[in-house]
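K.L.:
Put together the whole structure using the sequences plus the hints.
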Amino acid sequence: MTAPIEPIGYDPSAVESRWRQRWAERGTHRTDLARGKDPFYALMMFPYPSAEGLHVGNLFAFTGCDIYARFQRLQGHTVFEPLGYDAFGIHSENFALKVGKHPMQLIPSNIANFRRQLDRAGLMVDWAQSVDTTDPAYYKWTQWVFLQLYKQGLAYKKAAAVNWCPSCKTVLANEQVEGGHCERCGTLVEQRFLEQWFFKISEYSPRLLKNLETLDWSETTKQAQRNWIGRSEGARLRFRVLDPLTDAGSAAVSVTTELKMDTAEVEVFTTRPDTIFGATYLVLAPEHPLIDTITTPTQQSAVDAYRARASKQDLVTRKTSKEKTGEFTGAYAANPATGELIPIWIADYVLMEYGTGAIMAVPGHDERDFEFATAFDLPIVRVVAGEGQTARTPFDGAAYVGDGVMVNSEEFDGMPVAEAKKVITEWLESKRAGKSVTNYRLHDWCISRQRYWGPPIPIIYCDSCGTVPVPESQLPVVLPNIPDFKPDDSGISPLARHEEWYRVPCPSCGKKARRETDVSDTFLDSAWYFLRYPSVGRDDVAFDAATTKKWLPVTTYIGGNEHAVLHLLYSRFITMVLHDMKLLDFEEPFTKFRAHGLIIREGAKMSKSKGNVVNPDEYIDAWGADSFRTYLMFLGPFEEGGDFRDSGISGVKRFLDRLWASVRDCTSEGTPDPEVMRKLHATIKKVGEDIPALSYNTAIAAMMEYMNTLRKGERAAHRAEVEPLVPMVAPFAPHITEELWEMLGHTTSVMDAAWPTFDASMLVSDTIELVVQVGGKTRGKLVVPKTITQDEAFAAAKAEPSIGKFITGEPKKVILVPGRLLNVVV
RNA sequence: GCGAGCGUGGCGGAAUUGGUAGACGCGCAGGACUUAGGAUCCUGUGCCGAAAGGCGUGUGGGUUCGAGUCCCACCGUUCGCACCA
Numbered sequence: 001m002t003a004p005i006e007p008i009g010y011d012p013s014a015v016e017s018r019w020r021q022r023w024a025e026r027g028t029h030r031t032d033l034a035r036g037k038d039p040f041y042a043l044m045m046f047p048y049p050s051a052e053g054l055h056v057g058n059l060f061a062f063t064g065c066d067i068y069a070r071f072q073r074l075q076g077h078t079v080f081e082p083l084g085y086d087a088f089g090i091h092s093e094n095f096a097l098k099v100g101k102h103p104m105q106l107i108p109s110n111i112a113n114f115r116r117q118l119d120r121a122g123l124m125v126d127w128a129q130s131v132d133t134t135d136p137a138y139y140k141w142t143q144w145v146f147l148q149l150y151k152q153g154l155a156y157k158k159a160a161a162v163n164w165c166p167s168c169k170t171v172l173a174n175e176q177v178e179g180g181h182c183e184r185c186g187t188l189v190e191q192r193f194l195e196q197w198f199f200k201i202s203e204y205s206p207r208l209l210k211n212l213e214t215l216d217w218s219e220t221t222k223q224a225q226r227n228w229i230g231r232s233e234g235a236r237l238r239f240r241v242l243d244p245l246t247d248a249g250s251a252a253v254s255v256t257t258e259l260k261m262d263t264a265e266v267e268v269f270t271t272r273p274d275t276i277f278g279a280t281y282l283v284l285a286p287e288h289p290l291i292d293t294i295t296t297p298t299q300q301s302a303v304d305a306y307r308a309r310a311s312k313q314d315l316v317t318r319k320t321s322k323e324k325t326g327e328f329t330g331a332y333a334a335n336p337a338t339g340e341l342i343p344i345w346i347a348d349y350v351l352m353e354y355g356t357g358a359i360m361a362v363p364g365h366d367e368r369d370f371e372f373a374t375a376f377d378l379p380i381v382r383v384v385a386g387e388g389q390t391a392r393t394p395f396d397g398a399a400y401v402g403d404g405v406m407v408n409s410e411e412f413d414g415m416p417v418a419e420a421k422k423v424i425t426e427w428l429e430s431k432r433a434g435k436s437v438t439n440y441r442l443h444d445w446c447i448s449r450q451r452y453w454g455p456p457i458p459i460i461y462c463d464s465c466g467t468v469p470v471p472e473s474q475l476p477v478v479l480p481n482i483p484d485f486k487p488d489d490s491g492i493s494p495l496a497r498h499e500e501w502y503r504v505p506c507p508s509c510g511k512k513a514r515r516e517t518d519v520s521d522t523f524l525d526s527a528w529y530f531l532r533y534p535s536v537g538r539d540d541v542a543f544d545a546a547t548t549k550k551w552l553p554v555t556t557y558i559g560g561n562e563h564a565v566l567h568l569l570y571s572r573f574i575t576m577v578l579h580d581m582k583l584l585d586f587e588e589p590f591t592k593f594r595a596h597g598l599i600i601r602e603g604a605k606m607s608k609s610k611g612n613v614v615n616p617d618e619y620i621d622a623w624g625a626d627s628f629r630t631y632l633m634f635l636g637p638f639e640e641g642g643d644f645r646d647s648g649i650s651g652v653k654r655f656l657d658r659l660w661a662s663v664r665d666c667t668s669e670g671t672p673d674p675e676v677m678r679k680l681h682a683t684i685k686k687v688g689e690d691i692p693a694l695s696y697n698t699a700i701a702a703m704m705e706y707m708n709t710l711r712k713g714e715r716a717a718h719r720a721e722v723e724p725l726v727p728m729v730a731p732f733a734p735h736i737t738e739e740l741w742e743m744l745g746h747t748t749s750v751m752d753a754a755w756p757t758f759d760a761s762m763l764v765s766d767t768i769e770l771v772v773q774v775g776g777k778t779r780g781k782l783v784v785p786k787t788i789t790q791d792e793a794f795a796a797a798k799a800e801p802s803i804g805k806f807i808t809g810e811p812k813k814v815i816l817v818p819g820r821l822l823n824v825v826v
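Numbering of the first sequence is given in this note's numbering, commencing with residue 1 and proceeding in unit increments.
Please note: incorrect hints may appear among the correct ones.
[Said to hold, decoys possible] Listed next, with one range per pair, are the computed distances between beta-carbon atoms:
{"id": "1", "residue 1": "P672", "residue 2": "A51", "range": "39 to 47 Å"}
{"id": "2", "residue 1": "E233", "residue 2": "K813", "range": "52 to 60 Å"}
{"id": "3", "residue 1": "L566", "residue 2": "E219", "range": "12 to 20 Å"}
{"id": "4", "residue 1": "G776", "residue 2": "E233", "range": "47 to 55 Å"}
{"id": "5", "residue 1": "E714", "residue 2": "S802", "range": "26 to 34 Å"}
{"id": "6", "residue 1": "V541", "residue 2": "Q300", "range": "57 to 65 Å"}
{"id": "7", "residue 1": "L821", "residue 2": "A720", "range": "30 to 38 Å"}
{"id": "8", "residue 1": "G809", "residue 2": "E714", "range": "45 to 53 Å"}
{"id": "9", "residue 1": "G397", "residue 2": "L566", "range": "38 to 46 Å"}
{"id": "10", "residue 1": "V423", "residue 2": "C185", "range": "53 to 61 Å"}
[Said to hold, decoys possible] For lysine-lysine, the following PhoX-like pairs were computed, each having C-alpha atoms within a straight-line distance of at most 20 Å:
{"id": "11", "residue 1": "K786", "residue 2": "K679"}
{"id": "12", "residue 1": "K798", "residue 2": "K781"}
{"id": "13", "residue 1": "K805", "residue 2": "K777"}
{"id": "14", "residue 1": "K200", "residue 2": "K582"}
{"id": "15", "residue 1": "K813", "residue 2": "K798"}
{"id": "16", "residue 1": "K210", "residue 2": "K222"}
{"id": "17", "residue 1": "K324", "residue 2": "K312"}
Don't read these hints as lab results, they were simulated from the structure.
Heads up, the beta-carbon is just placed ideally off N, CA and C, and yes, glycines get one too.
P.N.:
In structure tokens, the structure reads:
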């Protein structure tokens, strides 16, 4: 980096340390939660306190939020701006494993380091209301949240697949699987079924989707949630399985009469019920429970082998590999539309967790089915004809997925696809072969982690009473400090190795029982933390009713779009559940959400391997926090991020130096310059509009522009010209502006000053600069009265030689845009 | 593959409803003050051209008196999601 040889202008380190101290002494950043008027809850996503310390990305986000919050305070709101630490989870645990330290040792020192760095950044954070998710006083209530869901029947246990490393004998998160191999030992990862706790978030799909319409959120974030929830309309259709022993191969069998009532049925979900006449086979997911019943003896061993292979494959590669594999079960089902027998296959391109885990394959009109049918030589029938196609148009190596009319579909031939969807579904419904349904992609939230570094799930298993929730009075279930927190070859959860911990009496019958040894997902810690901040200190409740009513929902939430889906969706879900329990009077936690951009450097993402990581400490040492903050906001639109360059920061420092000098040298004698005052009012207006729109870069540019006007030709500013600028700069550069505010004779914090108001009458002028175009090309400009008419403007343009010379002959047309422009068409 | 966004000087980036393209900053050039300047201040700075003038917002079309902005096609790039039936 290019550090300055010596700081010029004002000395940031002296000013900044002085004000940090005064803020602490005076409690400038404390929020009067009980009595504050006009509450404004400005929330930023809390960080994971890594050992590397604060990242510029964190600081960029926090500064952006802080500016917004400070602006709201200057507007007269009582602002609450809390910050805490999201310190549980696999990141901390993996790092602890790597450096061979215990997370219980590591996290407090990481937090202390973060706090030191955050303090230097000049954030208006009320540290008295902080949270640390690893503090038992916090996770007591995380466990309480779990119990509320359990009470509502929204927490349940079921077996689900996890990535399993047979060599490390441990569960791996998806990000620990690299190309199907364990990132630690390189062994091929398998999947394994474990009993895990789930939250029924899928029940809330329609509400989570519908409420999005009412939220003031970044459109990209809303769209990401919509995609994730994945609503699709279609139908569930039932296919009767024929008894393979009696009917296999006899394609002429009439399906309607000869079937017994107890015959198995395959239910599929499809968004294209219209193509039922083209369904030439069925496919079940390898995990489908019906496979055992329907597979014929001759196919049994092949099917078993395929299922074994599918289960060996790890979850990541299975989902990304596009190659079609499968196996025939030997069984057939009847197509309810055609009555024909179609074979039932199994293949891993069908996912058990979506829809019904089974599909009807329409190879003519679905690319995946087409690939599969081609690979296994299954029949492909056209049932939709597009423009210029007929029932007999051959497929040119690909499925036809476009629009068109039905063909080869008996009485539905000629019907447009959209209409056929409806009509054919109704027809199938009347035949009791299906019904129209809305399906959601969103599946239940697995909150179990077979790990150490998280809050223990507050459940006890008793041989007599079964699953017993830990009574709320016994919370927290404290995570024990065990030295062997590593997942090792002994089995599943590290806590499961500690009998002295998991052996407890049953809370209901007192007999010997056993604790749940899994911990909960980090996303649960962060799904409710915003409820806790205002109620920190209350040991008796998770959140105080009156305080919550006053301060929530969160007024504005600012954070990274990497959490657009999971964190934000989980927070919404938990809030809805608590709302339904009448514990909250709102069901959406974040009224307004804005996603900030990403800071890159020299066009590339910052990463240790590229060696382009910016250490905020260095820059704050060299330039001061005020310059650093302002520079971060100046380098691009906040919502898009920007390119960090060492060279750019000097311009911002110069701006603050010039502000300093202007205040120091300002005079109260004489009168302010009217032109400067006009510019001042225009600047007040512009900055006051830009900040709430998060257009920080243009707000700073406007203030710089004003500074140029103010000091043009080395003039000394009048006090009235420069004083209003101080609170305007304050959100960006809080330390220096406190100092300047004091220099101007004020005894209270600049944050308790009012945002300057602008006088709209100052902005209007009697004359305007009229741009004159001839034939659409700009040829000059004229200073004219605002009320000029078209004829007058034309005459004036013609009279001006530098413009008039382009007006040759009679104009075809003259256009006046009042107050702006005159275009003469020749 | 699907979805969303973005392509503007040497660089980061500005541009109401279509109405002076390049604000602001960096860099660069010239000057002032200086023993000195990598500090500070002032002036200039899209490209070509001596000038007049011409050309310019990824490419090619279109609408319009007028397009960075609107429409169509394409190219490049970034970020999500990814066999979701």
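K.L.:
So which of those numbered hints doesn't the model satisfy?
P.N.:
Per hint list: single violation, 1.
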